[in-house]
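From first to last, the protein sequence lines stand for chains S and H.
Going by my numbering, the first residue of the first sequence is number 1, and it counts up by one from there.
Going by my numbering, the first residue of the second sequence is number 197, and it counts up by one from there.
No lab work stands behind these hints, which were simulated from the structure alone.
As the structure is a prediction and not an experimental result, all values here were calculated from the model.
We treat Cβ as the ideally placed atom computed from N, Cα and C, and that holds for glycine.
Among the clues, some could well be false.
[What the hints assert, rightly or not] Quick partial rundown of chain S residues pointing at chain H, CB under 10 Å, derived from the structure: (1) ASP2; (2) SER3; (3) ARG4; (4) LEU21; (5) ALA63; (6) ALA67; (7) GLU177.
[What the hints assert, rightly or not] Calculated pairs, DMTMM-like style, for lysine to aspartate or glutamate (alpha carbon to alpha carbon, straight line, at most 25 Å): (8) LYS386(H) <-> GLU90(S); (9) LYS386(H) <-> GLU98(S); (10) LYS386(H) <-> GLU338(H).
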Amino acid sequence: MDSREEILAALRRAAPPDPGLPSEPVRGTPYADLALQLAEAVRAVGGAFQRVPDAAALREGVAALAARLEARRVVSRVPEAGAGTAGAAEVADPHQLEGVDLAVIPGRFAVAENGAVWVAGEDLGHRAVFVIAQHLALVVPAAEIVNDLHEAYARIRFDGPGFGLFVAGPSKTADIEQALVIGAHGARSCTVFLVG
Amino acid sequence: MTGHAERAARFAADEPRAHWHDQALWFVRLKRDRMAAAVPEWEALRERAAAVKAHARARLADYLEQFEREATRRGLRVHWARDADEHNAIVHRILSERGVTRVVKSKSMLTEECHLNPYLAARGIEVVDTDLGERIVQLAGEPPSHIVLPAIHKKKEEIGELFHRTLGTAAGASDPTYLTQAARAHLREKFLAAQAGLTGVNFAIAETGGIVVCTNEGNADMGTHLPPLHVACMGVEKIVPRLADLSVFLRLLARSATGQPVTTYTTHFHAPRPGGELHVVIVDNGRSRLLAEEGFRGALACIRCGACMNTCPVFRRSGGYSYAWTIPGPIGSVLAPGRDPVAHGSLPFASSLCGSCDAVCPVKIPLHDQLLARRREVVRAGGQPLAKRLAMRVGGWVLRHRALYEVAGRLARLALRRLPRALLYGRWNAWGRQRELPAAPAESFRDAWRRTRGDGRG
Ligand code: SF4
Numbered sequence: 001m002d003s004r005e006e007i008l009a010a011l012r013r014a015a016p017p018d019p020g021l022p023s024e025p026v027r028g029t030p031y032a033d034l035a036l037q038l039a040e041a042v043r044a045v046g047g048a049f050q051r052v053p054d055a056a057a058l059r060e061g062v063a064a065l066a067a068r069l070e071a072r073r074v075v076s077r078v079p080e081a082g083a084g085t086a087g088a089a090e091v092a093d094p095h096q097l098e099g100v101d102l103a104v105i106p107g108r109f110a111v112a113e114n115g116a117v118w119v120a121g122e123d124l125g126h127r128a129v130f131v132i133a134q135h136l137a138l139v140v141p142a143a144e145i146v147n148d149l150h151e152a153y154a155r156i157r158f159d160g161p162g163f164g165l166f167v168a169g170p171s172k173t174a175d176i177e178q179a180l181v182i183g184a185h186g187a188r189s190c191t192v193f194l195v196g
Numbered sequence: 197m198t199g200h201a202e203r204a205a206r207f208a209a210d211e212p213r214a215h216w217h218d219q220a221l222w223f224v225r226l227k228r229d230r231m232a233a234a235v236p237e238w239e240a241l242r243e244r245a246a247a248v249k250a251h252a253r254a255r256l257a258d259y260l261e262q263f264e265r266e267a268t269r270r271g272l273r274v275h276w277a278r279d280a281d282e283h284n285a286i287v288h289r290i291l292s293e294r295g296v297t298r299v300v301k302s303k304s305m306l307t308e309e310c311h312l313n314p315y316l317a318a319r320g321i322e323v324v325d326t327d328l329g330e331r332i333v334q335l336a337g338e339p340p341s342h343i344v345l346p347a348i349h350k351k352k353e354e355i356g357e358l359f360h361r362t363l364g365t366a367a368g369a370s371d372p373t374y375l376t377q378a379a380r381a382h383l384r385e386k387f388l389a390a391q392a393g394l395t396g397v398n399f400a401i402a403e404t405g406g407i408v409v410c411t412n413e414g415n416a417d418m419g420t421h422l423p424p425l426h427v428a429c430m431g432v433e434k435i436v437p438r439l440a441d442l443s444v445f446l447r448l449l450a451r452s453a454t455g456q457p458v459t460t461y462t463t464h465f466h467a468p469r470p471g472g473e474l475h476v477v478i479v480d481n482g483r484s485r486l487l488a489e490e491g492f493r494g495a496l497a498c499i500r501c502g503a504c505m506n507t508c509p510v511f512r513r514s515g516g517y518s519y520a521w522t523i524p525g526p527i528g529s530v531l532a533p534g535r536d537p538v539a540h541g542s543l544p545f546a547s548s549l550c551g552s553c554d555a556v557c558p559v560k561i562p563l564h565d566q567l568l569a570r571r572r573e574v575v576r577a578g579g580q581p582l583a584k585r586l587a588m589r590v591g592g593w594v595l596r597h598r599a600l601y602e603v604a605g606r607l608a609r610l611a612l613r614r615l616p617r618a619l620l621y622g623r624w625n626a627w628g629r630q631r632e633l634p635a636a637p638a639e640s641f642r643d644a645w646r647r648t649r650g651d652g653r654g
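Construct the complete structure from the given sequences, taking the supplied hints into account.
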């Protein structure tokens, strides 16, 4: 018997009676104002939050952010937010993304409960772009806020091969004496632009 | 044989440090409390998480097969390992077949349990731990002392000194931001040079054949999206049935672990990187045996949040190393004796049975019941020190014989009053080392009863 068969047989032999899988959906506590709660949650996880009325204001907001960060190399995966620096996104190997100062990434939706933004792999080009960039901007349409993770997973699908993640604020650590330090390995700042 | 008490005594001997360690973990516990209190449906989430895990346990083989089917369909490659040796050999084969000599790893308690790092190092493969806490203990040549906060036992001055020696930071510098930035620069080089990324698995989803990895630092993402090879190692118990079940576990995990509403990066892998490979190694290593143990199988629900450690009055004052096992604290004290009741026989006794661990555990593992049950096992297996065994034997004998008990009581009351302190608090009296013995009452309860009832029947 190979290891696979042996492990599966051992697990079947040891299996306790099945209490059944609970099937009624879990519900969170609804927030009165999703955008307001989202803004609070994003700040609580160390992010910055900026609401902009339209694409023009988004472009301005992103440009101002890039200027403030003195970002020279900018990758934009959101055409309405500006084109980014010429050629920054079109690299063959993700290692060449080292040195990107700011990545502007579309978020499919945001979660009011915890400030997390769902980023779909299809929107990234190279997966590494959101974590290797020194700073991150996430662009989410104002209509796309869900209350909590229960609502979030009702929207997430992996029908084919895929990749996706929640990003909640900038990279952080508290591994030295529990002191919170922003910018561990990934983005040193994370700004959520809510558009509309 | 040294047990937990002796190792804990060494830790507690440095009183200011033990106090500081206690406070640091209590701080994390308070953050967890605030987060839990802010979620009105917290208890419902715990109930649900426990129920989903109980079901998954009963159907583990089916779900693993489903996971394998779905994962394979998406281009992941699934491997099976009975034990630590086989796990290490599989990981090594995957790496060496592709000529990999430089690997970056994000946190995985399973690979700690299997001692993967030394195994690979002995075969010429450099493994760099990339979680900051893990990198700190790796540079110090130590194992993690806590499953979520690996370097919680180290002061910033010690880390400053370590980084000065190993990374060339300024002498005497101990500012956490400065040290973290130095580690970031050092590890970025490692990330860019790595040929493969190793990770653990927080959740594996049977329904979709994907895996989820959670970090705050982004090290699992840096480690897996740059090189073309990702090897993820998981225990069989990491399975959840459906994608939607994640909502329950993710709402609980980070809140319980560090008092955050969610980890910064919650990454769902359902395909290898374009042009790359993603291997998942499924490991038993004693888990099927634990599943067969009726009183203890519930421990397989553990999502490794560390909350039971942060809240445990014994852990906080004795430090992770006092457990001398990969997983310390209450959950480790349940798990370790399952592997070897004699070698780890002292761990179930490293508890006041206060039940605080049960109260915080997000998946409702009845930890203190299990600790008590493990004590019984250890005693049966003869894993108790001789002195304690003898004392218990004598105690049991005295308690069974009424006359003897009365005499013993009288002698004890006399001894407490008359004997000099030096004798009473001698080396033999472990209980009296940090505590005062009670003042002896003038008469026993039995005597008082006889006197007031006056019927002399006792
Ligand atoms: S036993 Fe419970 S509290 Fe302890 S680490 Fe596991 S899930 Fe967390």
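Against the structure, the hints come out as follows:
At its closest, the beta carbon of ASP2(S) sits 8 Å from a beta carbon of chain H; the interface hint therefore holds under the 10 Å criterion. Restraint check, SER3(S) versus chain H: the minimum CB separation of about 4 Å is within 10 Å; hint holds. A least Cβ separation of about 4 Å between ARG4(S) and chain H falls short of the 10 Å threshold, and the interface hint therefore holds. A distance limit of 10 Å between C-beta atoms decides the matter here; for LEU21(S) the minimum to chain H is near 5 Å, and the interface restraint holds.
A cut of 10 Å between beta carbons decides the hint on ALA63(S): the least distance to chain H is about 26 Å, and the hint is violated. With a least beta-carbon distance of about 23 Å to chain H, the hint placing ALA67(S) at the interface is violated under the 10 Å criterion. Checking GLU177(S) against chain H: minimum C-beta separation of about 5 Å stays under 10 Å; hint holds. For the proposed pair LYS386(H) and GLU90(S), the alpha carbon gap of about 24 Å is at most 25 Å, so the pair holds.
Pair hint LYS386(H) plus GLU98(S) holds up; C-alpha atoms about 13 Å apart against a cutoff of 25 Å. Straight-line distance between C-alpha atoms of LYS386(H) and GLU338(H) comes to about 20 Å, which keeps the hinted pair within the 25 Å bound.
Figure legend: structure checked against the earlier numbered hints; hints not met, in rising order: 5, 6.
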